[in-house]
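So the sequence lines, in the order shown, correspond to chains A and B. 4 is the number of the first residue of the first sequence in our numbering; add one for each residue after it. 4 is the number of the first residue of the second sequence in our numbering; add one for each residue after it.
Do not take every clue at face value.
Same chains, same label: a pair holds when it works inside one copy or across any pair of copies.
[Claimed, not checked] Think about it this way: if two alpha-carbon atoms lie no more than 25 angstroms apart in a straight line, the pair counts; the simulated PhoX-like pairs of lysine-lysine are:
1) K131 / K68
2) K70 / K38
3) K131 / K120
4) K68 / K191
5) K38 / K120
6) K121 / K131
7) K199 / K120
8) K32 / K191
9) K199 / K38
10) K131 / K191
11) K199 / K70
12) K37 / K120
13) K32 / K199
14) K70 / K121
15) K68 / K37
16) K191 / K37
17) K32 / K120
18) K191 / K38
19) K37 / K121
20) K131 / K199
Please keep in mind that the hints were generated in silico from the structure rather than gathered at the bench. These numbers come from a predicted model, not from an experiment.
There are 2 protein chains.
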Amino acid sequence: MIEIRFADFLSSNSTLEPTLMEALLNRCKNVHIKKGDFWLRAGEACQQTLFVENGLLRYYSIDDKGKEHLLQFAPEGWFVSDRASIFFNEPSAYFIQALEDTEAIILDESFMLDLAKKDVSFMEFNNKLLHNHIRQLQNRINQLLSASAEERYLHFTRIYPDILLRVPQLMVASYLGITPESLSRVRKELAQRNHKS
Amino acid sequence: MIEIRFADFLSSNSTLEPTLMEALLNRCKNVHIKKGDFWLRAGEACQQTLFVENGLLRYYSIDDKGKEHLLQFAPEGWFVSDRASIFFNEPSAYFIQALEDTEAIILDESFMLDLAKKDVSFMEFNNKLLHNHIRQLQNRINQLLSASAEERYLHFTRIYPDILLRVPQLMVASYLGITPESLSRVRKELAQRNHKS
Numbered sequence: 004m005i006e007i008r009f010a011d012f013l014s015s016n017s018t019l020e021p022t023l024m025e026a027l028l029n030r031c032k033n034v035h036i037k038k039g040d041f042w043l044r045a046g047e048a049c050q051q052t053l054f055v056e057n058g059l060l061r062y063y064s065i066d067d068k069g070k071e072h073l074l075q076f077a078p079e080g081w082f083v084s085d086r087a088s089i090f091f092n093e094p095s096a097y098f099i100q101a102l103e104d105t106e107a108i109i110l111d112e113s114f115m116l117d118l119a120k121k122d123v124s125f126m127e128f129n130n131k132l133l134h135n136h137i138r139q140l141q142n143r144i145n146q147l148l149s150a151s152a153e154e155r156y157l158h159f160t161r162i163y164p165d166i167l168l169r170v171p172q173l174m175v176a177s178y179l180g181i182t183p184e185s186l187s188r189v190r191k192e193l194a195q196r197n198h199k200s
Numbered sequence: 004m005i006e007i008r009f010a011d012f013l014s015s016n017s018t019l020e021p022t023l024m025e026a027l028l029n030r031c032k033n034v035h036i037k038k039g040d041f042w043l044r045a046g047e048a049c050q051q052t053l054f055v056e057n058g059l060l061r062y063y064s065i066d067d068k069g070k071e072h073l074l075q076f077a078p079e080g081w082f083v084s085d086r087a088s089i090f091f092n093e094p095s096a097y098f099i100q101a102l103e104d105t106e107a108i109i110l111d112e113s114f115m116l117d118l119a120k121k122d123v124s125f126m127e128f129n130n131k132l133l134h135n136h137i138r139q140l141q142n143r144i145n146q147l148l149s150a151s152a153e154e155r156y157l158h159f160t161r162i163y164p165d166i167l168l169r170v171p172q173l174m175v176a177s178y179l180g181i182t183p184e185s186l187s188r189v190r191k192e193l194a195q196r197n198h199k200s
């Protein structure tokens with residue numbers, strides 16, 4: 004678990020002027036979310052986006068039968084929020100909960116929008132975040148429609164290299180949209196194959 | 004099939020000044036895509052977003068085994084594009100094909116970005132489109148993870164009221180991520196239930 008500072012993220016992923024970056028960083032608040040605590044519950048309007056510097060959050064829904072469905076893990080360097088709930092100011096259908104003690108940055112969306120109105124480089128940065136989010140969601144849909152359990156698992160290990168060691172298998176299976184039994188089978192088959200080769 | 008003019012869409016869904024709307028509409032080109040023809044093929048960089056005024060497009064991928072996976076239908080009033088491919092200028096993994104003779108508006112993304120830089124109401128409109136897209140993708144992931152075949156089907160009939168009459172069952176099953184046999188079973192069960200009640 005390597006801490007990823009939001010300031011470093013901004014330096015590597017935007018072309019913001021130092022003064023603008025400073026203004027944004029000064030406006031962002033830090034939050035500590037204790038393991039098990041909720042940042043968002045279904046029914047509430049999501050107010051802000053989080054950037055995880057250290058720790059791990061999960062973003063999930065609960066269906067009518069009480070079953071949980073994990074849409075996203077947010078470890079170090081990931082954003083998490085219900086952007087639609089924030090933007091349209093409507094109740095969220097999702098929960099955000101800490102799976103580990105977590106240090107995160109709270110992005111103030113209205114301040115971000117104001118900055119985007121004033122500064123083109125910031126608008127471009129914001130646009131990049133939104134398009135990156137769209138890309139990630141689209142890939143996920145394509146995976147859920149087309150990939151086998153093994154392919155989903157291998158993809159998962161690429162985008163979340165260390166999550167397998169940090170969360171229960173049940174949550175990984177939930178994220179992959181497969182049964183825990185399928186996940187065990189896939190892992191066993193891969194281990195056997197790797198052992199032979 | 005009711006034609007939905009892009010000009011009317013803009014009037015109802017944005018707060019753009021008439022002169023700005025005029026400038027955008029003058030810049031947009033029309034395109035006629037013949038049934039069966041492709042607008043985008045996997046491997047190409049997607050250049051533009053389409054708004055369908057009349058007709059029907061599908062957005063899909065083909066997996067290693069040659070199987071098609073339908074991510075989105077775009078009937079009248081829908082946008083379709085690989086936004087990530089446009090924004091990051093990278094090859095798309097998707098195909099866009101006309102399922103009917105289609106009249107669409109081509110949105111010039113660089114012009115849209117220029118407009119967004121110059122005009123706040125346009126930036127807000129663009130932001131709204133992006134967030135709406137995120138909301139739709141997120142709902143789709145949640146559906147694929149959590150909903151039964153029947154729930155998926157009922158949701159489908161709500162968001163695409165007339166598509167069932169316009170495309171082969173196989174494509175609907177592909178969109179829903181279920182087998183054609185499951186789709187037949189669901190439709191039969193619902194018909195029986197409705198007949199009884």
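Against the earlier hints, flag every one the structure doesn't satisfy and list their numbers going up. Violated hints: 1, 5, 7, 8, 9, 10, 11, 12, 13, 14, 15, 16, 18, 19 and 20; rest satisfied.
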